[in-house]
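Given the coordinates of chain A, assemble chain B onto it according to the supplied hints.
Listed below, chain by chain, are the residues.
There are 2 protein chains.
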Amino acid sequence: MKSGTAFLIAARQCEIHDLQQLMRTSALVRRAGECVHTLQKERGLSNLWLLAGDEFGAALASQALQTRASEAALLGALEELDTSAGQIANGARLYSRVAFVLEGLEALLLLRDDVSMRRVTAEASTAAFSKLIAALLAVVFEAADSATDPGISRRLVAFFHFLQGKELAGQERATGVAAFSGGQIDLPAQQQWMDIVESQERCFAVFEEFSAEVVDATARWREAEAEAQGDVGALRALALVTSEGGRLPGGLGRTWFDACTRRIDRMHEVESLLADDLLARCRDRIAAAEVDLEAGRALLSGATAVPKGKFFERPAAGAASVATAVAIGPHLERSVLDIVQAQSRRLQAMQDELAVARAALSERKVVERAKGLLMAHRRLTEAEAHKMLRQTAMNQNRRLIDVAESVLAMSDFLAPPPPSTTR
Amino acid sequence: MKSGTAFLIAARQCEIHDLQQLMRTSALVRRAGECVHTLQKERGLSNLWLLAGDEFGAALASQALQTRASEAALLGALEELDTSAGQIANGARLYSRVAFVLEGLEALLLLRDDVSMRRVTAEASTAAFSKLIAALLAVVFEAADSATDPGISRRLVAFFHFLQGKELAGQERATGVAAFSGGQIDLPAQQQWMDIVESQERCFAVFEEFSAEVVDATARWREAEAEAQGDVGALRALALVTSEGGRLPGGLGRTWFDACTRRIDRMHEVESLLADDLLARCRDRIAAAEVDLEAGRALLSGATAVPKGKFFERPAAGAASVATAVAIGPHLERSVLDIVQAQSRRLQAMQDELAVARAALSERKVVERAKGLLMAHRRLTEAEAHKMLRQTAMNQNRRLIDVAESVLAMSDFLAPPPPSTTR
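Chains as they are written, first to last, in the working numbering: chain A, 18 to 440; chain B, 18 to 440.
Fair warning: there could be bad hints in the mix.
Same chains, same names: a pair is fine if it fits in one copy or spans any two.
[Unchecked claim] Result set (DSSO-like, lysine-lysine): computed pairs, CA atoms no more than 27 Å apart in a straight line:
(1) Lys148 with Lys327
(2) Lys327 with Lys404
(3) Lys382 with Lys404
(4) Lys382 with Lys148
(5) Lys327 with Lys382
By construction, these hints were calculated from the structure, which means they are not laboratory data.
The shape of chain A in the complex, shown without the other chains (with noise of 0.2 Å):
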């Protein structure tokens, strides 16, 4: 029969598959950022070459490889997959992502043609590289919303965060670069710019909300972002600040592009840092609980055959005696029942400190489902919706997580009126 043990080992069993799981999602999550990023370059020097820019088209072509290269290894990364049912956590939403992202990639190969023949416009490649760097996030959002460890999952919300910092970055970038080389910008232009910038600033607050504890990352991003306010910074002002409808100075497209390049490639640095840590993160916290799974068995064997009545009995010195006796180790005199209450205690604690990280998450849960919400009454496309969002809430001064709140809560007031019927 399975003893009470044997349960408790089956349980340390599972925590260490389960840090095995994060550690594979956490190795694609890695691969999927570096694609983001080659995406993110080629993105914007196809926005340069269609703006007639005759002479970003060897260094398009140059970085087109690059992100085939980047494509390949997140391939690999996912042909490394175990996707037999029961390997991942998460399963189904996090391959579903996947499924959506590979579209995506098939399709790039014709976008990518009809960029070089110039057969689409600046707007709609950007439109459509935006799509698919969403796409690459969502694969990391559910990642990050599936871990079952405390620290990983603080490391998984902060990487997500800054990615997604990065891409507005880099949406900021492809702003500027129209706006520069057309040689002039009007307000809705500004206040879209402008909006960019507010929702980089939250993702960057978010991010350094839970990436404490990656100390060099940390410091790499505050440096890399003092260094962007003498070039980036500037030039941001300089733009923002034209009133209504105002001219640019000339032959300021390129020093933006490079300016903003420069700031993304350090994120870029700091991205890598924060991989590198996640990763040695699972690996340490998968060695630790192998250790702990071994010291469970030892104790566990040399447990002390308690009276069984002690389950009854009330604790000598208070439960706070429990976990301390744990970290003291085998030598005191220990029950299973000891170990065994100390570990729900554990995962309990752990359960708590994951509510907080996930937490964070959940706000861009509401903004995604009123979006879903105004694409499916209000027959809009993702990027209207969402454009109809931030509109609201700069009409109404309101915060657009609010914003959608509300949408959420009329959702009854916009589905499609019946059709109306003969009495």
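For chain B alone, kept in the frame of chain A given last:
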């Protein structure tokens, strides 16, 4: 190379795997519920026996045999579980809870001996049985908390709260037996009793909220409660309106016990309906998911090879049409992309529904965390910690959950002061 289609199929296989896990935990949960029921009856009879009720000896002995039978069934269900890692969602927490229950079941053998020899007080016996029942409820709670299908999650949340409410009804029976057998009741006992009644009502309110789909069980429940008004309700009113330190009419101990037992037995019928429905729902969902998987395979093999560029196109008739198309079926021209998008949307909607059901579990988590904190920092037993929270809530005329939240907010102040250092 793995295609988007392969990941789409993998996603559906993961869903089926998750449902099969849920089926196994649901079967376990049903056995846990049965075990709780027999333990409740044994607790009540042990109480009567210990309070000098020699006439309950035979009934107690017979009940102990029934408890043993339900234990054996639970152990059988545990035996059937595949405890290898990755087979059950949330395995670490669930198995830790199971290990605790198994320790308790072993200790029960000694407790029973003590009861039969009258070596324990009625109070200590009640506390011991209650601790074991709470351990079983914790297993049901973990199962509810890890469900990944909204319909099954709602049923598990309803089932957990029903069991919890029924356990409070059992505690009320024990409280009443002590009062009616003793022939008097004081104010603190009345307050405790009223608190149990209120907690019961909250549990059954949550049960009703999440069991609306289980029509026969809710109907049977309302009918049962209406019946109980005549006996349990009347005796309860008698005990609770008696003024402070009041005497109770003699000879009502047995009457009260029998009335409560009828009420609990009727609840047990409702519980069986709920468990039947839970397992039927699991079977239905698995069957439906398997049909979906096969349909998906057929659909994907016949899916129109749409131009790859479609990924970047705006939806022709709004996103709503995708979901509609899935419902209408394979005679429509469908692309892999449409199917992927519809699936992601469906999974997202499921997760939103899940969040609603799980929120009902969060109140308990907050109270449990507050109790754990008090146990650790103030060296209290669980019962004492619970009493302290409840007493504070009564004194301050606040809800238990609000007091628990205050305790968590003040956690830093509750820790024992650090040892003083000389400077």
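Going back to the hint list, which numbers does this structure go against? Every hint satisfied by this model.
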